[in-house]
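Go by the hints and put chain B onto chain X.
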Amino acid sequence: MSTAANPTTLGRRSFLASTGGLVLGFFVPLPKRVAAADAPPGKPGALPAPNAFLRIGVDGRVTVLLAHSEMGQGIWTTLPMLIAEELDADWSKVSAEHAPAAPQYAHTAFGMQMTGGSTSTHSEFDRYRQIGAMAKALLVQAAAAKFKVEPADCRTENGHVVAGDKRASYGELAQDAARLPLPEKVTLKDPKDWKLIGKATKRLDCPEKINGTAKFGIDVHFEGLLTAVIARPPGFGGSVKSFDATAAKKIPGVREVVQVPTGIAVVADHFWAAKLGRDALKVEWNPGPPLDSATILEEFRKLAATEGTVAVQAGDLPAAKGTKTIEAEFFVPYLAHATMEPLNATARIADGKCEIWTGTQFQTMDQQLAAKAAGIDPSKVEIHTTFLGGGFGRRANPTSDFVTDAVHVAKAVKQPVKVMWTREDDIRGGYYRPAFLHRASIMLDESGMPVGWKHTLVGQSILAGSPFEAAMVKNGIDATSVEGVSDSPYLKSVPNHRVDLHSPKHPITVLWWRSVGHTHTGFVMESLIDELAHAAGKDPVEYRRALLKDHPRHLAALNLAAEKSGWGKPLPEGHFHGIAVHESFGSTVAEVAEVSVSKDGVPKVHKVTCAIDCGLAVNPEGVKAQMESGIVFGLGAVLHSEITLEKGEVKQRNFHDYQVARMHESPLIETHIVPSTEKMGGAGECSVPPLAAAVCNAIAAATGKRIRELPLRRLS
Amino acid sequence: MISLKVNQQDHVVDADPSTPLLWVLRDLLHLTGTKFGCGMAQCGACTVHLDGEAIRSCVTPVSRAIGKSITTIEGMSTDPLGKALQEAWTAEDVPQCGYCQSGQIMSAAVLLREKADPTDEDIDLAMSGNICRCGTYQRIRCAIHRAAETKAKGGVK
Numbered sequence: 001m002s003t004a005a006n007p008t009t010l011g012r013r014s015f016l017a018s019t020g021g022l023v024l025g026f027f028v029p030l031p032k033r034v035a036a037a038d039a040p041p042g043k044p045g046a047l048p049a050p051n052a053f054l055r056i057g058v059d060g061r062v063t064v065l066l067a068h069s070e071m072g073q074g075i076w077t078t079l080p081m082l083i084a085e086e087l088d089a090d091w092s093k094v095s096a097e098h099a100p101a102a103p104q105y106a107h108t109a110f111g112m113q114m115t116g117g118s119t120s121t122h123s124e125f126d127r128y129r130q131i132g133a134m135a136k137a138l139l140v141q142a143a144a145a146k147f148k149v150e151p152a153d154c155r156t157e158n159g160h161v162v163a164g165d166k167r168a169s170y171g172e173l174a175q176d177a178a179r180l181p182l183p184e185k186v187t188l189k190d191p192k193d194w195k196l197i198g199k200a201t202k203r204l205d206c207p208e209k210i211n212g213t214a215k216f217g218i219d220v221h222f223e224g225l226l227t228a229v230i231a232r233p234p235g236f237g238g239s240v241k242s243f244d245a246t247a248a249k250k251i252p253g254v255r256e257v258v259q260v261p262t263g264i265a266v267v268a269d270h271f272w273a274a275k276l277g278r279d280a281l282k283v284e285w286n287p288g289p290p291l292d293s294a295t296i297l298e299e300f301r302k303l304a305a306t307e308g309t310v311a312v313q314a315g316d317l318p319a320a321k322g323t324k325t326i327e328a329e330f331f332v333p334y335l336a337h338a339t340m341e342p343l344n345a346t347a348r349i350a351d352g353k354c355e356i357w358t359g360t361q362f363q364t365m366d367q368q369l370a371a372k373a374a375g376i377d378p379s380k381v382e383i384h385t386t387f388l389g390g391g392f393g394r395r396a397n398p399t400s401d402f403v404t405d406a407v408h409v410a411k412a413v414k415q416p417v418k419v420m421w422t423r424e425d426d427i428r429g430g431y432y433r434p435a436f437l438h439r440a441s442i443m444l445d446e447s448g449m450p451v452g453w454k455h456t457l458v459g460q461s462i463l464a465g466s467p468f469e470a471a472m473v474k475n476g477i478d479a480t481s482v483e484g485v486s487d488s489p490y491l492k493s494v495p496n497h498r499v500d501l502h503s504p505k506h507p508i509t510v511l512w513w514r515s516v517g518h519t520h521t522g523f524v525m526e527s528l529i530d531e532l533a534h535a536a537g538k539d540p541v542e543y544r545r546a547l548l549k550d551h552p553r554h555l556a557a558l559n560l561a562a563e564k565s566g567w568g569k570p571l572p573e574g575h576f577h578g579i580a581v582h583e584s585f586g587s588t589v590a591e592v593a594e595v596s597v598s599k600d601g602v603p604k605v606h607k608v609t610c611a612i613d614c615g616l617a618v619n620p621e622g623v624k625a626q627m628e629s630g631i632v633f634g635l636g637a638v639l640h641s642e643i644t645l646e647k648g649e650v651k652q653r654n655f656h657d658y659q660v661a662r663m664h665e666s667p668l669i670e671t672h673i674v675p676s677t678e679k680m681g682g683a684g685e686c687s688v689p690p691l692a693a694a695v696c697n698a699i700a701a702a703t704g705k706r707i708r709e710l711p712l713r714r715l716s
Numbered sequence: 001m002i003s004l005k006v007n008q009q010d011h012v013v014d015a016d017p018s019t020p021l022l023w024v025l026r027d028l029l030h031l032t033g034t035k036f037g038c039g040m041a042q043c044g045a046c047t048v049h050l051d052g053e054a055i056r057s058c059v060t061p062v063s064r065a066i067g068k069s070i071t072t073i074e075g076m077s078t079d080p081l082g083k084a085l086q087e088a089w090t091a092e093d094v095p096q097c098g099y100c101q102s103g104q105i106m107s108a109a110v111l112l113r114e115k116a117d118p119t120d121e122d123i124d125l126a127m128s129g130n131i132c133r134c135g136t137y138q139r140i141r142c143a144i145h146r147a148a149e150t151k152a153k154g155g156v157k
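Protein chains in written order, with the numbering used here: chain X, 1 to 716; chain B, 1 to 157.
Chain X extracted, bound-state conformation:
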C-alpha cells in the first residue's frame, strides 16, 4: 500500500485558466513533496501550465503526459498502462503525449528531465500509479455526489463509475471531479487485481508510425521556417580559420551563411539548397591533433602494462597460488550511435522566448544550454519533444550539441531555423562509445576455478569534464568505465582480485552508447569466463553455475536460457552454441547464440535464445521487443561497426562503411521472461551486453579460436 501526499491546488487553477474552460475536465498535479523539492529556488509553487500528468476530457478521452521521451523503447504505452491500471480507464480511450520541459517532470531519481539508464518504467512505477489512483478517487467522489450514495458504494470499471443500477462515464464526471479537493492519500491496487500491468499490451504509437503521420523532429514545419546545415571541422579539435561564402550564396534558395561556434552554417529555404550551399562553401580549417587509431591502440597497450587507478581489490594477488594462468587482451573500437533519424533541432527565438522542437533525451540540459546560447533565462525556453527516431544515448548529450546549434543559427539569422545533420555529419562529427582495451591475467587452481584475477581497463572517460563528473567519478574512477567488471559477481567468488583503470584524455568526444560500459565489459567478462571453463575442461553452463551459486537472478536467467535453447542437446550439423549472462541496469539477461561458421570464416548467427529477469515486467510484449532490439543492435557491433581515425579525422562516412546489422543477418530471437518478484530493472539496454560474448563463445566452440577484438570483420 502506498500513499501520496496532498498536492498543491495552485497548479490546478493556473491550468484551468490556461485552457479557457474547454473540453479539458481536470488534471492531477504531482504530489506536493516532489513539486516542492523541484520548484526553482525562490519561486515556491511557481508551476508552469499545463502542470499535469493526466487530462480527462468531457468526451472521456484520457491523455497521459510523459515525463520521458519515446525513442522506440515503448514508454508511450507502458507509462499510460500504469495510470490506466489504477484509474480503471477504458484503454481504447487512452493516449499519450510528451510533457513540456518543466521541473515537475524531473526524473524521480536523477532530478532532471531525461530519458536514460533504462529507468523510465521502474522510476515512474509509483508516481504514475499514484496519479491514476488520485484521479479515480476524485471521479468516485463526483459520482457518489451525483448518485447520492457513499463513495464506498461505488466501483469503477472500464472508464465508468458504477453504483447499483447507476452508471456514469469518466467524461460525464470530469468537470465535477475537477472542482473537488485532491485526496489526502490514495491506496494502490493489490497486484492480484491488476488488469493491465503484467499483460502483453500492444503499442499505442503503432498506428501513426505505419501511415506516415508520426511527427519526428525532422518533420517539424511551419511558415517561415528555414533549414540549415553546418560545415564542421573535419577532425577533432579543429576550428575555422577562414571561409569564403561567395559560391555558396549563389546557390538558388540559399539565404545566409553565418559562422556559429561549431562551424559555418548555410541557411536556406529547404534542405537541398542548404546542402548544395555547403558543398559549394570554401572553408580553411585549423587542424586538430593528428590522432590515428593505430597510435591510440599502441598508447592504450602501453598504459595497460602500467598500474592504473584501483577500482576494486581484494585478498593478496601476488601471493595467489594456482596451477594455470590465462592471459588475454581485448580491444573494442569507437562506435557511432547512428540513429535512423539524423540529428536535428528547430529553434524559434521571438517575443523574449526561445522555442525548441526536437527529439531529445535530455530536456533539462537542453533547456539550460539553449537559454545560455540564446542569452535568456531557462524559464523562457520551451521544449516541444517530438518522437525520437532512435536515441541509444546520442540524444542525451551533456553539451546539447544538436540543440544549441539550432539556437545559435536562429539567433544569428533572426529567423526560425531547423538545423539538420546529414548522415555524414552524424557518423563523422559526433559522439562515440569510447574504444576500450582490457588486459586480464587469471590464475586457476587445480580444479580449474579462478583464485587470482588481475584486470586492467584503458579507455576514455565519458563523464570527465561533464556536469556529471562530480556525482559519478569517485576517486578517479568513472563508474561507467568499469561497470560490469568491478561489480562482477564472478570477481566476488575470486579470493584475490584487482581491477584498475586508465582514463587517457583525447579530444575525441565520447558518450554513453546503449548499455554504456557494459557494451565492452559484458563482452570481455563473459568471453573470459567461457575461456576459463574450457581451460578447466568444464561445460560453460556448469562452470558459470558453480561461480554464480550465490546469485539467484543470474542463475535463473542462465538456467532458463540454457533450458529453452536445448543447451547440450544435438544441433544441426555445423551449428554451435555459445552462452553469456550479464547483469546491467538492474536486470539480468542470459543469451544462447546458435552460430555456424562458413568455410571461408564468415559467421552466421541463426538463433538467439534470451532469458531476462527484470523483476515485474509491466508490459511483457515491450520487454520482448527490447530484448530483440538490443540483440540486433549488439549484433551490428559484433559483425561490422567500427569508427577509426586517420590524421585526426573519422574515416567512415555513411552506412556503406559504418555498417550495422541488416535483415539477412538478423537471427531468430526467442525471449523468455523469468517469472520474478525481484526488484524491477530496466529493459532498454540489458540485452546488448551478453550478445557479443554469446556469439563469440559460439564461434570459439566452432573454430577453437577465441575472439578478442571486435568487430569480426577486422579478423577476416
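The hints are simulated quantities; they were obtained by calculation from the structure and are not laboratory data.
Derived DSS-like pairs: lysine-lysine, alpha-carbon spacing no greater than 25 Å straight-line:
id : chain 1 : residue 1 : chain 2 : residue 2
1  : X       : K215      : B       : K5
2  : X       : K93       : X       : K199
3  : X       : K411      : X       : K250
4  : X       : K202      : B       : K151
5  : X       : K321      : X       : K549
6  : B       : K157      : X       : K93
7  : X       : K353      : X       : K411
8  : B       : K153      : B       : K115
9  : X       : K569      : X       : K599
10 : X       : K353      : X       : K414
11 : B       : K83       : X       : K215
12 : B       : K83       : X       : K93
13 : B       : K83       : X       : K202
14 : X       : K202      : B       : K157
15 : X       : K549      : X       : K538
From the derived model, a few chain B residues whose C-beta atoms are all more than 12 Å from chain X:
id : residue
16 : H11
17 : K68
18 : V110
19 : K151
Listing some non-contacts, in silico: residues in chain B with all C-beta distances to chain X over 10 Å:
id : residue
20 : K5
21 : K115
22 : A116
23 : V156
What you are looking at is a predicted structure, and each value in this text was computed from that prediction instead of being measured.
No residue lacks a Cβ here, since even glycine has one placed at the ideal position from N, Cα and C.
Leaving out everything else, chain B in the frame of chain X:
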C-alpha cells in the same frame, strides 16, 4: 515548374530537375512520411514507388518522376495491399522508434506484389536494403508473411 502525380493527386512544384525526389516530397509538398536516412541509397528510409517500382527517393532526381505515378506511405492507407501490410504491422506490433517503418512498408509492398508468398530468403533479398536500428527485423519478417496470408485470403475484410 515541374508537374508531379503523387498519391493520385496532381502537384506543380518549383524545383530544379536535379533535386532529389525526397526533398521535393518532404520540403515542398510536406509529405513527411518519407524519411531521410543516408542520402546515398544505403538505408531505404526514403523508399517510395515510382509506377509501382520501389525506388530510393534520396538519389532519384525529381525529373525522373515526371509523367509517372508516385506513391508514398501517405498513399498506402487507401491501397488494399497497404492496408494488409498495416494490419500485419499492427498485429506483430512491429514499430519501435518507427522512423524506418515507412520505407520498410514500401519495400515490403513491392515484394508482395512480385511474390505473393515470399520465403524467408525472398524477404532477406528484398528487405536487406532497409536498415532498422531498433532491430525490428524479426517482426517485419513475421508481418510480411502475415500480410501475404491476408492477401491470399482476399485482403483486409
